[in-house]
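2 protein chains.
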Amino acid sequence: MIELLRANALTRLADRDPNATPGFDGDKAAGQEALAAGVSHLGNLQERLFAASTAGERRRVLLVLQGMDSAGKGGIVRHVVGSVDPQGVHLATFKKPTEKELSHHFLWRIERELPPVGRIGVFDRSHYEDVLIGRVRELAPAAEIEQRYDDIVEFERRLVRTGISVVKVMLHISPDEQKARLTERLERPDKHWKYTTNDIAERMLWDDYERAYELAIQRTSTDEAPWHVVPGNRKWYARLAVQALLTDALERIDPQWPSATYDVDEQKERLAAT
Amino acid sequence: MIELLRANALTRLADRDPNATPGFDGDKAAGQEALAAGVSHLGNLQERLFAASTAGERRRVLLVLQGMDSAGKGGIVRHVVGSVDPQGVHLATFKKPTEKELSHHFLWRIERELPPVGRIGVFDRSHYEDVLIGRVRELAPAAEIEQRYDDIVEFERRLVRTGISVVKVMLHISPDEQKARLTERLERPDKHWKYTTNDIAERMLWDDYERAYELAIQRTSTDEAPWHVVPGNRKWYARLAVQALLTDALERIDPQWPSATYDVDEQKERLAAT
Chain A
1 MIELLRANAL TRLADRDPNA TPGFDGDKAA GQEALAAGVS HLGNLQERLF
51 AASTAGERRR VLLVLQGMDS AGKGGIVRHV VGSVDPQGVH LATFKKPTEK
101 ELSHHFLWRI ERELPPVGRI GVFDRSHYED VLIGRVRELA PAAEIEQRYD
151 DIVEFERRLV RTGISVVKVM LHISPDEQKA RLTERLERPD KHWKYTTNDI
201 AERMLWDDYE RAYELAIQRT STDEAPWHVV PGNRKWYARL AVQALLTDAL
251 ERIDPQWPSA TYDVDEQKER LAAT
Chain B
1 MIELLRANAL TRLADRDPNA TPGFDGDKAA GQEALAAGVS HLGNLQERLF
51 AASTAGERRR VLLVLQGMDS AGKGGIVRHV VGSVDPQGVH LATFKKPTEK
101 ELSHHFLWRI ERELPPVGRI GVFDRSHYED VLIGRVRELA PAAEIEQRYD
151 DIVEFERRLV RTGISVVKVM LHISPDEQKA RLTERLERPD KHWKYTTNDI
201 AERMLWDDYE RAYELAIQRT STDEAPWHVV PGNRKWYARL AVQALLTDAL
251 ERIDPQWPSA TYDVDEQKER LAAT
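Those sequence lines, one after another, are chains A and B.
Per the UniProt record's numbering, residue 1 is the first one in the first sequence, and the count goes up by one each step.
Per the UniProt record's numbering, residue 1 is the first one in the second sequence, and the count goes up by one each step.
Isolated chain A, as found in the complex (with noise of 0.2 Å):
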């Protein structure tokens, strides 16, 4: 599955179907199914990375969730990062950047929210942010936001040298998926908070945003960190795919449990003892 999620420098997102589900043959139930079937062995993987960081281990992993509004950030966050234990996760959702972030260059914020050894970090939205609204809406001079694709690439590959698995996922929708959920939020009063008036004025450039996605998928999927273009329409495929990233990239680092630095059985006296 995930080798067919993958970017390049050549990939185009109108070659990607948002309603497909690459790799896996099976409906929705199965999909469902499947995600269930992987919950304990990626928290045990979890389990096992934050055991393994007590004696040394500095690997671990960064899920960078983008996508245009409505795509399934949050679900992602609530149904496959929400099943591993919260003291594993460390989750920073980036919005629009505050006086002081802008008084910084723009990866200081994400410096800071980097995951801690033992832990997997989980962006929602990131520094790409600055690429796509940033490009988008010109909130900087163009020379600044192509160095800005530059300054990802080495940024990244740093995060990778220094054991930190970087695991991009752009979610896709179909601009008609986009609408339906939209419309969804207009139409159950429980949901209405979710909505806001710029939403529309977002979709209204919605090509430019592809663009933009596209272009930086393009000039930052290296070999080292590549993107993930993860179909988006159903809902249940995604959240299967994040999954099957999140455990790939684990069984990767293949955390093992440490042994005792303590003699056992001299312990175990000893506890008996008390």
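Treat the hints with care, as some may be off.
Any copy, or any two copies together, can satisfy a pair, since identical chains are not distinguished.
Said to hold, decoys possible - The calculated DMTMM-like cross-link candidates involving lysine to aspartate or glutamate, where the alpha carbons are at most 25 Å apart (straight line), are:
#, residue 1, residue 2
1, K179, E47
2, K235, D85
3, K194, D69
4, K268, E210
5, K268, D199
6, K96, E57
7, K100, E214
Everything labelled a hint here was simulated from the structure, so no lab data went into it.
Given chain A, put chain B in place with the hints provided.
For chain B alone, kept in the frame of chain A given last:
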């Protein structure tokens, strides 16, 4: 159930049975069923809290978890807190203070980890360490330890006044139960990493810790922020009790879905036209 767990200035730990299941008549299976049955209500309350915070609701909840080694704090985080959307939780684990933290007042690092609006804050250990291990290990002059109780009462009073419901939980296990749990850690290679030789040294000070807990509970159980002594020998009961405490705190806030700040019909029309 909740009232039976509450503590006050006269509470004595010797009167609280760590094996008891106050307010719950069922067995383990019934307890686990009740826990599972409460998940969606708690999750719904949390989502409503988050939604309401986008419309100005500033009230929130802070769960303070304390207990001896192996009392089950981690299990509460995993099984009770872990059932809630991670985006709605702010979890902070307080370990041995760093040099930098020690250069500040003991509440400095606590203040920095208070939950933002819309979130359930969870403290795995807390400012109480400064009157527990602080007292037992004499990490500060006696007069300063005395001052800290007052500091804590004032601090929590401010939290409550500014809308943070402080839910304080001591997970209360017996020395025998701790022995069994530590023994299990020594018997299972996948648990060896959870054990340190310091655990026995701390265990030898059980009576001192018990006294320090009792004092802390007596001196900082206020009407605004009472302690709850949750019997911890049966993990399933402790989890059910903490779920009940969190649910109760959120029900008292009774957060509401905010009404739309825009004209819903107008937005529907505009969206349909895109």
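Okay, the hints, checked on the actual structure:
Taking the shortest alpha-carbon separations for K179 and E47, only the inter-copy value of 23 Å comes in at or below 25 Å, while the best intra-copy value is 39 Å. For the identical chains of this complex, K235 and D85 are neighbours both inside a copy (22 Å) and across copies (17 Å), given an alpha-carbon limit of 25 Å. Within a single copy, K194 and D69 get their C-alpha atoms as close as 10 Å, which meets the 25 Å cut-off; across copies the closest is 42 Å, which misses it. Only between protomers do K268 and E210 lie at most 25 Å apart by alpha-carbon distance; the minimum there is 24 Å, versus 61 Å within a single protomer.
When the C-alpha separation of K268 and D199 is checked against a cutoff of 25 Å, the pair qualifies only between copies, where the shortest distance is 12 Å, while the shortest distance within a copy is 61 Å. In this assembly of identical chains, K96 and E57 lie within 25 Å of each other by CA distance solely across copies; the values are 21 Å between and 34 Å within a copy. For the homomeric pair K100 and E214, neither the shortest alpha-carbon distance inside one copy (30 Å) nor that between copies (44 Å) is at most 25 Å.
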